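Taken in order, these protein sequences are the chains called A and B.
Going by this note's numbering, the final residue of the first sequence carries number 341, and the count climbs one at a time with no gaps.
Going by this note's numbering, the final residue of the second sequence carries number 343, and the count climbs one at a time with no gaps.
Derived from the structure by calculation, the hints contain no laboratory data.
Note that the structure is a prediction, hence the values are computed from the model and not measured.
Positions of the beta carbon are idealized from the N, C-alpha and C atoms, including for glycine.
You may find that some hints are simply not true.
Here are a few chain A residues that face chain B, going by a calculated C-beta distance under 7 Å [to be verified]:
(1) Ser192
(2) Val196
(3) Ser197
(4) Ala200
(5) Asn204
(6) His228
(7) Pro268
(8) Ile283
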Amino acid sequence: MQAKPEPLIKLRGVRKHFHKKASFLEKMLGRMKDQTVHAVDDVNLDIYPKETLSLVGESGCGKSTLGRAILRLHDITEGQILYRNQDISKLDAQGLIAFRQKAQIIFQNPYASLNPRKTVREIIQVALRSRGITNFFEQEKEIARLLERVGLSRRHMDQYPHQFSGGQRQRIGIARAIAMNPEFIVADEPVSALDVSVQAQIINLLEELKQDLGLTYLFVSHDLSVVHYVSDRVAVMYLGEIVELADTKSLFNRPLHPYTQSLLSSIPIIDEQGKERTRERIILRGSVPTPINPPSGCRFHTRCFMKIGEICERQKPAWTETNGHGVACHLYQPGRNEIQT
Amino acid sequence: MVLQIQDLTIGYKTDKGIVKAVNKATLHVGKGKIVGVVGESGCGKSTMLFAIMGLLGKAGKILGGQILFNGKDQVGNTPAEWRKLRGKDISIIFQDPMSSLNPAHTVGRQIREVLKNHRIVKPEVKGWLRRRRLKKLEMERVCELMAEVGIPSPRERYHDYPHQFSGGMQQRILIAIALASEPQVILADEPTTALDVTIQAQILDLLKKINRERSTSIVLVTHDLAVASEFCDEITVMYAGYIVEQGTVREIIANPKHPYTQGLFKSIPRITEKKEKLEPIPGNVADLLELGEECPYFSRCPHANPKCLKFVEMIELTDQHRVRCVLYEGAGESRASEAGAVN
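Okay, chain A solo, but in the shape it has when bound:
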């Protein structure tokens, strides 16, 4: 690979904690104390221009929270998010408007993310107005162009969201996102609410747009087959932490972290030859622990099938990286034997 360009977005030690306050009554009864949900913990990540970086993990692992934090839809608790070397948590109102023009989001559920009382024209108009296109005719032309770009047509302009199918609504959501001429888009599970035959249409559309407009995607998804198809690099999250990060090929061919291994082995695969599957399936015990009180040390140790010993419970594994394939696991620490003795 050639020398890496300057990252578009840099995350440094990003944490996002949600505080849940116990009610007065609950406190008096001693039933509950104030709780902190560790949604995202100490995440370091670089997103390079024109790549598709995927965040995968099970529900509740903090992948959507992280995606939203990057757009400052959540204010982070600690750490820094740098967009073109500019700390986005320090942006003033003007700066934030400029930033949000460059960074957009496509939401998961196209039924909930479009205002049901606005026509498609009105939905997209808002974006155009903030881009400075106020002339009616120019707007008209631009909206038609955007709709055609995402595979709808001019005549859909004055219809309401409920008149569209799920796939078409997602297209409207995409049109709204690209209306701002963004360079970075967070796609938060963009196809998981859609039917199988429509999913492929939307995935192809996203790929085309990336090529044509030179976009950078942060693709948040739990569907590993889709992730494998769209991404250049993949980050695996578990309980708020990134446990493995590598380019797609390397991650799917040679997963290092036990969690990634089990995740990959539990994907159902269509086997064309119809023969019995040869790969062994790793079935994890139990389910994800609560992020309110995450396990000590390596957060995966409660379910890990390769646990080395006490060190996993006691010490948080450091991030080790070889040839761009990073992993946080004690199995791969240099000189791990010395630590053990």
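Keeping the supplied structure of chain A fixed, place chain B upon it in accordance with the hints.
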């Protein structure tokens, strides 16, 4: 044959007229077999399951056909007859465990309810001690069931409420309820759609174990072809209320015949292959209200031709493979090979 559905047609009454959600569906479920029903939303796969359980309600009506359970037709059962069958010989696992468990009762009580209703546990004791003995035996049986579906320390968890369990554990409770009466058929309506992949693997594993150990037949309704291909023995593909293709897993995967099945396979990203551009099926799922005589897939089909305006009957290719498409009509053998080449 444990369960046999013959030419089943189900209609829903709507403002715009009667919508046929299932059209002349024929499905055979052998003993100990796992049959997958695959299709997109609105294709009638769940409606068919509900009809088998007699759960259609007032809006839905069986317009024709038979549901044979152990050779006896169940269409036209009285509510009492349905209650006897439901949960005893056929049970169902729903998609969303949180909304199908009663939040106000403990899970133990909900599992025990099945045992009580169908009088499954029979204590030897007679007289005044009988009730106490019955309760004790039933509770023991519930704990056994909970242990069997993989709930740790069932005795302590008997008195917990559904919200105290995670999604995967709730699904296990539902499976325990379905198992309680030792049914001959379990219907599973998208049992893993609401769950994460690692939990999905656990649940499918559990269902497979039940199938193997008790030779319970399972009908799995899913939209996920990959799940169906790993889990089932036979696959039925439905589109817009019609069964378009039926066969053994091996046949359907290696040799899909109907253009819709072929399209589905091409539009799924695969991990095992090199990246090829996905070929999505154009357009949207057909609107049931607008369907007439023609093949429901007509507007999206790459092989559409004037003959498709009259939808054909099911064509038997081999005894393991049936398809419903004009391409495979006896006369059009050259066409059939052509379509095979495309695939």
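Results for each hint:
| no. | hint | in the structure |
| --- | --- | --- |
| 1 | Ser192 | 10 Å, violated |
| 2 | Val196 | 6 Å, holds |
| 3 | Ser197 | 4 Å, holds |
| 4 | Ala200 | 4 Å, holds |
| 5 | Asn204 | 6 Å, holds |
| 6 | His228 | 5 Å, holds |
| 7 | Pro268 | 4 Å, holds |
| 8 | Ile283 | 5 Å, holds |
Consistency with the previously given hints fails for number 1 only.
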